[in-house]
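Need the complex rebuilt from these two chains, each delivered in its own frame; the hints are there to steer you.
Line order of the protein sequences matches chains D and G.
Taking our numbering, the leading residue of the first sequence gets 30, the next gets one more, and so forth.
Taking our numbering, the leading residue of the second sequence gets 18, the next gets one more, and so forth.
Calculated directly from the structure, the hints in this document are not laboratory data.
Please note: incorrect hints may appear among the correct ones.
[To be verified] Quick list of simulated restraints, FRET-style, between CB atoms:
#	chain 1	residue 1	chain 2	residue 2	range
1	G	Asp24	D	Lys401	26 to 36 Å
2	D	Lys57	G	Thr84	55 to 65 Å
3	G	Ser257	D	Arg290	26 to 36 Å
4	D	Thr167	G	Pro301	43 to 53 Å
Heads up, the beta-carbon is just placed ideally off N, CA and C, and yes, glycines get one too.
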Amino acid sequence: MNLDFSSEQTMLRDSAAKFFANECNYEKVKHLEESEKGYSPELWQKVAELGWTGLLFPESYGGYGGSFLDLVIILEEMGKACFPSPFFSTIVQCGLLILEGGTEEQKQDLLSRIADGSLIMSLAQYEAETDFSYESITMKAEAKGDGYVLNGTKLFAMDANIASKLIVAAQVGAAGLSLFLVDADHPGVSIKKLPYVSSENACEVVFKDVVIGKNDLIGAPGAGATLLDKMYDKAAVAKAAEMSGGSQMAIGMTSKYARERVQYDNPIGGYQAIQHFMANMLIAADTCNNYLYRVACMVDEGDDFARDASALKAIANESYRFVTERAVKVHGAIGTTRECDIALFYRRAHPFSMICGSTAYHYEKVAQSLLKEGLGAF
Amino acid sequence: MDYKLTDEEMALKKMYGDFFKEEMKKAPADTLKGGLEGTYSGEGWEFTKTMRKKLVEKGWYVQHWPTEYGGRDAPLNEQMIFNESIAYYGAPGIDGFGVGMFGPTLMLYATEEQKKRLLLPIAKGEVQYCQGWSEPNAGSDLASLKTMAIKDGEYYVVNGQKIWITVGHRADHMFLLARTNPAEKRGRGLSVFNVDFSWPGIEVRPIKYMNGSHIYNEVFFTDCRIHESERIGPENQGWSITRDTMNFERSGAGAFARIRKELEHILEYVKTTKRNGKFLWEDPLVRQKLGRLYAEMEAGRAMAYKVAWLQRVGNLRFSPAAASEGKVFSTELTQRVADFAVEIMGLSGNLEGSEWAPLNGAMIGTYQTIIGSIICAGSNEIQRNIIAWVGCGLPRLKGQG
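For reference, chain G alone in the conformation it holds in the complex (with noise of 0.2 Å):
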């Protein structure tokens, strides 16, 4: 057992650090504002697509794809060192949807038309995608969806509603999941399609975050025509194949070097704040919380090198309780930074955008998009709930999915 990197990997650490560190000079105040919002919104969406054409001529936008898909087959190592970076130095550009759940579930899943057709797209960053699962009333009970797609000649009708669409708004194409068979209740008779947002019948509508900010949508379908050759896997297996879709979601060692850069800034922060005549610090209190979390943020990070490990040696899809821990303490973490920043800063902790913000306002907007992080791609309570079945082979009582 060794954590050492070798002297490639040492070497594309830094080629990535060096690069990330450059071209984020350039980044406009949306970027910097991290996360989500700071990716999609207003100049940050522009900066963006100009990051992700550069990491596209790099070679390094799927370098861990295979060869055929317009990858390099990177190993898993080497693009969980490229994902740290590029988390660590807060930099946008990647497609998460199509390049991280998409993709992969294509590569497994799609015919060799599909894969010729849907792939390369996503490869050469021409596309974003955006995921298609959520319900005004499935949310954590995702199987009770009730989005029709009814099979009419060679098409399925499409209609119903989607929400809680992140991203939405910026989104070519979605990874839809709906109801190919009425006569069938929850996980069966489900299927999944690739739609493109050119198609007719379809509306986005934009849901403001708490903070204001443009993120997430709903997705209006109303008679819109998805030809069969869009349907990924056999008709009515779309459950399991999402399944896999959302392992591929949930691992995550760049969570931790974000937090990383996060703890640095605040580390700086308190040795440089003076509040009530004395250095933050100097409260024996701040230290005790700082302490605990840089090293939950260790402990993190070593849980997040084992599931990349349990990716690369394939172990992944038989354990994916590790994926879930994962998801739950990075998220969670996360939080607990933002809280205990938020909290020394005092009132100024508060203010979002202001010369007297601390940090640039980025803790407040993390301690109010963590929370939707959180909730999101599986509740941390479905995460719980997955992590007692599979890790502690806890039984599951009907009504429990």
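Bound-form chain D, shown alone (with noise of 0.2 Å):
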């Protein structure tokens, strides 16, 4: 057993976020926010530079073949930094389904284009009426001629305004779920940026009559169930990792806060009102970010992560959720404005808690696992 990081990663680390305070602070968050765009090529081609883009990827794709953690240390400083980027559709949801399931030829193409910042991708599988739970996807795909048609409306497709690549969840006649590569400005694809309230890109992606060719899809007809649970089970990590970091930052500003803001002759974060917040703030943080690397280690050495790694996401979507509402409430008023920045933290709340799975989802699986299997070896 060893807890401590790496010096590589802890230079990573340092090296992160020394790069979004310099890059991209809480200022400039709030810029691109308000931007249609959404985020920044600039910056973008940036963290491609640094090779956080391709950290995930083999070699051989135009990758770094970091290791899982390493990629969780960035995410971490990305949920700090709140960063407004492509990086979990692209890297995260599409990069690991292409990596699980694409063919040799769509990995050396799509992967490598990722890994350099040329290309991002967008994922499309949440309708009106299906949540998280991708089994009760109602879109199709129709066998026609030598291919598909697909018709239909996606909602959530994180990043689809700023992708030219989409992988879209649709059923396929007896097959069942199946995933399909399209271009973004294919004909019959319509995107429209939807106001969400962290203000990242999600979006409504409307098919209409769209024809792709029968080798558009990632994996064979019927894998898409398949390769959504394995992408699945590791996002749901790194997105921990997101809020886990979002989290800390949260916690160090209010308490920098509390020790500012004098009250009744005093810092408010002399009261035991705010103290104890803190300290419930502080050991909701804590316990999610040892998680965090346990569970990492757990992906880095091959074990079975996948009840660990719901777990990990139901307590994160918990803690930081309770973090960001109580470090608003410490803030008073002032918490609750545009021009502060604790609100970007509170704002990501919910879109966090439910982009890999809500916390009952999460939960749930882990009971259905655990009446399964029981607890397993101690």
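This is the structure in structure tokens:
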């Protein structure tokens, strides 16, 4: 057992922290949030040059063959910075799907372009009447001639407005849920950005008689659910990393405010009501953070981590929402303003909680796993 | 970073597990009540003493102590594996006060003569210690304590009343915190003493816990003469010594191993128990709560590992917030587990000792005793103050200790 980061990982963390402090302070974040694109192409290119966009991919696909824990370290820093970027949609969701289910040709082509920062992708999965449980996706891909025709409307396709390729989840006859690669500018595809509480690029994507070839699939027809499952086990840990970083930062900012804000002749952080708020926030963040590293190590060590990924995401959902809500409260009225940075975290709490499965979804998954397999060896 | 156990550590884990599993088959009903009550009541106390002897014989009792004091310098993670095993199987034996708290304090502050005289009996399992801190008017505000130890030649004359003395009725010794300088207030003017309960002027009276068990005691000192050679560390420096002792008190991967065992029992219960024609596991609310408790248990365990790691690399004395967070989280999670279990058991969950009591009434037992743990050893509210001060850097205002 060794619970310290390697010196390389410490360097990675420090350089990421420095990058965001220098290049993307909260003023810049709010400016980007209000822009139509919702991200900075210049910063995205810099992120690619730092190697973070290819961190997770093998060197043969233009990546760096980093560990999952390395990725977690970067994502924690992105969570601290509230960095508006297509990192999660492109690298974590689509990148992992391609890495897991793509053909050699797709990997060579798409992963190398993701790694060098030139390709942004979006996963179109949610529908008006399906939440994260993709088993109930209704959109159909009808076999026609030598390919498929897509018709339907997807919601919450993150970064579709800036993506050049989409991965679309749709049902194929008897085969079931399948994943399709569709160009964002393909005839019949229309994309509209939705006003979203976190100002992330949540999009509506409408498919009207979109004709695609039979090879425009990630994995075989019917492989969709398995591929999504595998991706989401890791993506849940990745999102938990972003949330864990956000919680730590929100606590740091709130502690600072509580030391500086004076009422009744004392800093409010001297009062026990505030102290106990903050102690509970720190406990919530620290339990989540330590569990995050443990699960990340399980991923790297090749252990079966699906149950723990769910347990972790649920813990991250609960702690992030708890911490960010208390953080605004400690700030008082100023915390509720657009001007104050703490609300950046508060506005992300619900979207982040939902994106890889809600708290209830994950507790159910944990419980089902316990009922089936027991707690496992002590 | 990795959480893997080495092959040797895996082998140790198996050895401890096999031993405790086998030994616990011989445990009397009193022991199976668990917790302090199980360890120190009736036949449970006899079993505790038997187990203590066996642990000493095995060389496990103080294995993490330095060789010179009777240990084998076992690395902290081996000790953590041991603590997890003993807690998971609910095995008694270790004197947490002597081995866990006072021993390490002696190693830091005692004279060579005191170390030789006091550490070996603890290491051999020959003595049971108790902690002499709280007083009727000095609970959370411990530093305001009033028990006096007034110098008279080579002796200190002790007068006063200590309360909430866990296992005082089984103890041979107490580590006492008393005021040696009556002119000084609060933390200044306190000293630590080793007290032998066979000395004159000490009276132990029981306090019944809410469930009728005998865990706590009052201890009265009346002109009890303590030789100066029993004072640990410099005179009037007892408060800073005690703060270190407190940190030895608060760690605990064992607590999460115990919770794991309880969740195993509860899981079996919901899988096999029907209510109104349906298995409990068919109720989505039951599943939600079970999923949550598992997640919290694993998150807490990861944090306890981190506390152990900080101890191992020598950081904990500089980051006591981590240990306080562990105490708060483990005790309150234990309470949530017991609350959940009692709730899903319905009225049967309230039976304490009956053939109708699910899981032998263990959950309603925990429900009653865990609140004591939440209050004792620095109440969780005091822990939250510490977490806020040390972990978040918030200021201590006047009057906050």
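For each hint, the structure was consulted:
| no. | hint | result |
| --- | --- | --- |
| 1 | G/Asp24 <-> D/Lys401: 26 to 36 Å | holds, 30 Å |
| 2 | D/Lys57 <-> G/Thr84: 55 to 65 Å | holds, 59 Å |
| 3 | G/Ser257 <-> D/Arg290: 26 to 36 Å | holds, 32 Å |
| 4 | D/Thr167 <-> G/Pro301: 43 to 53 Å | violated, 24 Å |
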